[in-house]
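Chemist: Could you put the whole structure together from the sequences, leaning on the hints where they help?
There are 4 protein chains.
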Amino acid sequence: MTVAPLDARLRLPDGPVGVAVVGLGYWGPNLVRNLNECEAADLVCVCDSRPDALERITRRYPAVAGERSLERVLADPSIEAVAIATPVGTHHKLARAALLAGKHVFVEKPLAASAEDAAELVALAEERGRVLMTGHTFLYSPPVNMIRDLIRAGELGETYFISMSRVNLGIHQPDVSVVWDLGPHDFSILRYWLDETPVMVSATSRGCVIPDKPDVAFISLEYASGAIAHVELAWLAPSKLRRTTIVGSRQMIIYDDTSQEPVRLFDSGVQRDEPQSFGEYQLSYRTGDIVSPHVPPAEPLSLELTDFCTAIRTGSTPRSSAELGLEVVRIIEGVCDSLASGSPVTLADAPMRV
Amino acid sequence: MTVAPLDARLRLPDGPVGVAVVGLGYWGPNLVRNLNECEAADLVCVCDSRPDALERITRRYPAVAGERSLERVLADPSIEAVAIATPVGTHHKLARAALLAGKHVFVEKPLAASAEDAAELVALAEERGRVLMTGHTFLYSPPVNMIRDLIRAGELGETYFISMSRVNLGIHQPDVSVVWDLGPHDFSILRYWLDETPVMVSATSRGCVIPDKPDVAFISLEYASGAIAHVELAWLAPSKLRRTTIVGSRQMIIYDDTSQEPVRLFDSGVQRDEPQSFGEYQLSYRTGDIVSPHVPPAEPLSLELTDFCTAIRTGSTPRSSAELGLEVVRIIEGVCDSLASGSPVTLADAPMRV
Amino acid sequence: MTVAPLDARLRLPDGPVGVAVVGLGYWGPNLVRNLNECEAADLVCVCDSRPDALERITRRYPAVAGERSLERVLADPSIEAVAIATPVGTHHKLARAALLAGKHVFVEKPLAASAEDAAELVALAEERGRVLMTGHTFLYSPPVNMIRDLIRAGELGETYFISMSRVNLGIHQPDVSVVWDLGPHDFSILRYWLDETPVMVSATSRGCVIPDKPDVAFISLEYASGAIAHVELAWLAPSKLRRTTIVGSRQMIIYDDTSQEPVRLFDSGVQRDEPQSFGEYQLSYRTGDIVSPHVPPAEPLSLELTDFCTAIRTGSTPRSSAELGLEVVRIIEGVCDSLASGSPVTLADAPMRV
Amino acid sequence: MTVAPLDARLRLPDGPVGVAVVGLGYWGPNLVRNLNECEAADLVCVCDSRPDALERITRRYPAVAGERSLERVLADPSIEAVAIATPVGTHHKLARAALLAGKHVFVEKPLAASAEDAAELVALAEERGRVLMTGHTFLYSPPVNMIRDLIRAGELGETYFISMSRVNLGIHQPDVSVVWDLGPHDFSILRYWLDETPVMVSATSRGCVIPDKPDVAFISLEYASGAIAHVELAWLAPSKLRRTTIVGSRQMIIYDDTSQEPVRLFDSGVQRDEPQSFGEYQLSYRTGDIVSPHVPPAEPLSLELTDFCTAIRTGSTPRSSAELGLEVVRIIEGVCDSLASGSPVTLADAPMRV
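Protein chains in written order, with the working numbering: chain A, 3 to 356; chain B, 3 to 356; chain C, 3 to 356; chain D, 3 to 356.
In case anyone wonders, no lab produced these hints; they're calculated from the structure. A hint or two may mislead.
For chains that are exact copies, the list does not tell them apart, and a pair is met inside one copy or across any two.
What the hints assert, rightly or not - Under the rule of at most 20 Å between Cα atoms (straight-line distance), these lysine to aspartate or glutamate pairs were calculated in the DMTMM-like manner:
{"hint": "1", "residue 1": "242", "residue 2": "291"}
{"hint": "2", "residue 1": "242", "residue 2": "259"}
{"hint": "3", "residue 1": "215", "residue 2": "128"}
{"hint": "4", "residue 1": "215", "residue 2": "276"}
{"hint": "5", "residue 1": "242", "residue 2": "258"}
Modeler: Quick look at the structure:
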């Protein structure tokens, strides 16, 4: 998969894509704000069943229509695409309806509440020739892309392991666990960096505040390449922590998107010299410079929506493809299965078309 | 278990305990230096098969005898106790010989290379009425004790979970994995804080540099009280990280023994109000002050050796008891079993006499 | 001076104050955004000579009129007050015209480009019975106010000294030096904390990038109480640094408004016991807990504008009073005199009416 | 001045230099420990008037003689050099006596309690052909030398300014102010980096705890090259801070010798394009990578003592030359004059022979 550089100021040859935003809760207004400033999109209308939510937006963006009925949105021929930012439980139904109505569909992460539902959406989009994309925003984050480039350029050598922490005193979601809420970020980043999907997941969790609703989880993932990853997720933590360590055979990285230096490259490592007779190993340790490369700023959400519109106009596969969205749901399901059974779960081999 | 305050300047009523240090590799000289300054001990001799190791020490401490033969050390009636700092694989044999010779025994962590061996030593010490103690130095660290006091005083409320990272670009041990090398620190601290032993462990690891020799491990532990813990251990990491987060229902702590503020207490949390009808929960979030209590400095190793001598003279149980040392070995074995089988491992209920 | 608590949602009894914003450069749009959401104000119009600047704002706020002529703004009886956010060199002329037209006036910091001009404005406002206020926003910042409360409550004991650094790779202003640009922040904070004005200032600077235009300055201030302060200002620095240390006889504070813990209180210090004979002093050192009090968030600019409207309606003196604004200009002038002469400058005693 | 690389394991061709350490207070034992391990030196004896101080050392180093009489030390022909670590007020008298006795002399910083005294020692050493060296240990610190190399290689471009903070809750010295105690560190580093001595110094201070005995000082220094420097010194501070910022026209550095990354190089800056007509400047800002170069560890004190012995045997000028030591004393005197007069002080041009 080649990642084309994106530019949020892109103007598409055949004009902007007519878009409706469905769902104006916590995240929807961010889509509205970005689509409103995106040269590739023409934000035609917003849709929500709550009149006050509609009014707040239409007052701020007088050129945008407010619509309570999804049916009317889907029937509007000036709307080519819908961006869905509703609770996870409704993703499948709404995305399905939009695809059946011939719309291109952008769905906030995760793509659906089950792998079966997600797979049906992927198949439907392919069958109808529509773009289906999941809102895995981190795939458009400049530090995440810089790290991907470093990995692909061989700067890290073999990727030994990745350890990720994403914790905070965060809002307990009413409908889903911390795995469904925060997991998509890390699982999509891992997929993007490693270009492979885990073969085994294993997890421990606890519902500290609400019984049986995990608000902390420790998740291990194993990959066919030998790489392993660990993801710590929590809505309960003394302070915000976003720390990812990537250990390679040649160099190592610390990635922290809350830091002024989000990517730090450590030229350190251990090298194994030729094994001695009798299986003894001679090791040499190396500690070199640490570099914080300058990461040019960019708004990921803006790049993501431009990628969506570009895919619609040009037929390209968006970086945050439907398949990747499906894979992420499969991993979440695997983690939940592991939590339920108390045992590691082997992930079914999915034919990856990306 | 009540923890008595310790004072490294303690003078014992019946005079100092005659001690020999066995093993002058990496750690042994630290024992020598501390025993030499400990009022409760009289460092009689050091023992190692390597003449140059002996000479380095005896030149520095002319009053201490150097001895190549362990037999002669064990036969010397002026030596009441031995402190063993040899490779793990030799702990059982040496400690056993010393106990059989009627000596009190201090063994560097871990107590032995298998739970069976460790249990035999515990039984032997009890049978012979000798003190057997493991060098779990963190049990004598002032921040670790301050946190134990905070937990016991109910300051944290219920302990929800503990997340620990102990990583570094560290020396690969020739004989053991990172679990045997670094694990004893965290497993002994967890035991000391929680006053219970895990019922289930589950782990993932990789031998990145040397195949089949884990140098990174992610370990989950579950406790009967409902608490869960996670321990990340690595000899491969871009920078040293010693970060432990303890999340309680009332307050939270970050513990970092490399920081100038090793204990930070966060008066933050989430509270569940009475459940509404239909199983809905109302949550309230609280963010309060953060306090870094002043932790009076003290050298843990010095306190530890004083505790050993005190136990010999007074019959008290040392804080780092033989049973605790055994428990730690049981946990390590459980982790290794989980790594071998790829499945969680239930730890056999051990009758805890501590 | 008593500081009344402020609430940005305050609704004034006699209705909101009709306001015009003059100057839509870098800072003006922030005033517009805040006044637009401020219950105490009615943003009637914006004024700028550049049509495109006007258009950007009026497109976003359709209810606000755009006006290129200041005369027409000042002639409009629905406009009770003007908020001036133009270059410093124009403050005096514009504020004077507005006061003469009977308007209340809010001027961005610094109040004027010379103490003489500032004093004339203060006198004119008093004569006409109009509110004149300077935009020293930090006086409305929650951490700055928490520290003022701690000082006033005697928590620090005697204030020994204050050391402030405000450096960044910042924009070189075209019209003024770094002293006029960044100095007002620290000088107003010092005035607000210490409740006194310095008696002596002394400074060193360099125009590194543009000759004779200081972009780095080191400024010492001495106060009649014995307190001393130092302010380091720079537009040239490897990284952003906002660090203020306040050392008192009982406790100390580190204030950093870029930190998640903006106020840190250190219960540490040195105590002098009774002097011995022969002038020898016995000192005792104390290192206690460190507390980061929770600082409830609030937008300072919003509180500031509410304070302005409240002063207009109720006759109260705003926290960022005209006199304080004048004092700050006097200090800046003193610093510039010191830079020109290469010697310390004694500040003329100003009759302080605050 | 070329800085030759030093190696603490150096063996001198004509055998080690016989050395006596005079003064066994706070710092003397560090000299003893280092000289004892230094291949280039033969620690013959230690000298102090207090028997218990002598005994502590001779018990630890049985091969070293203890001597209460300086006269006997100076009369001993096996002692070629003395290292003086007594209170500042005695440096001149002791160093003078040693030089007159034909010994080479190492004096702890500062060289003497007045520039006149220091100059007399320099002249005497030259007259007698003896090595005189001051213990400015930071001149042997690896990060300080790395920065010197970067400056000399032109990596920073023109050195615009240097800002240094060296503060701590530190011990109030009984005999001298914070300027005499901490100032030598920064003044010697500045001299070493800039290769010039300041032409003007100006300072503000306060004796917070003991009247008239400065425990905090803010010191500005101006150099003929146009560079300026500021040094903040304090024995009173909430936490230890060792932060030096060096701003050059091409790159910038943050140096912090308490950090795991003591040198951080910022490829950032502002560039002035050709001046426009009418004196307007066009500026361009650049923010690039940040590099923390690996600084190989070394013990500065060990290198310093090797340099001393090498100078004795080979006739080379030690890096921390007598002249540099004299310059540092001149700067301290200038600072004290500025504090006394309240005005900037011009430093007399010293003929620099280094």
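Chemist: Please go over all the hints and tell whether each is borne out by the structure.
Modeler: Checked hints:
no., hint, in the structure
1, 242 with 291, "between (28 Å within a copy, 15 Å between copies)"
2, 242 with 259, "both (11 Å within a copy, 17 Å between copies)"
3, 215 with 128, "neither (35 Å within a copy, 46 Å between copies)"
4, 215 with 276, "between (50 Å within a copy, 16 Å between copies)"
5, 242 with 258, "both (11 Å within a copy, 16 Å between copies)"
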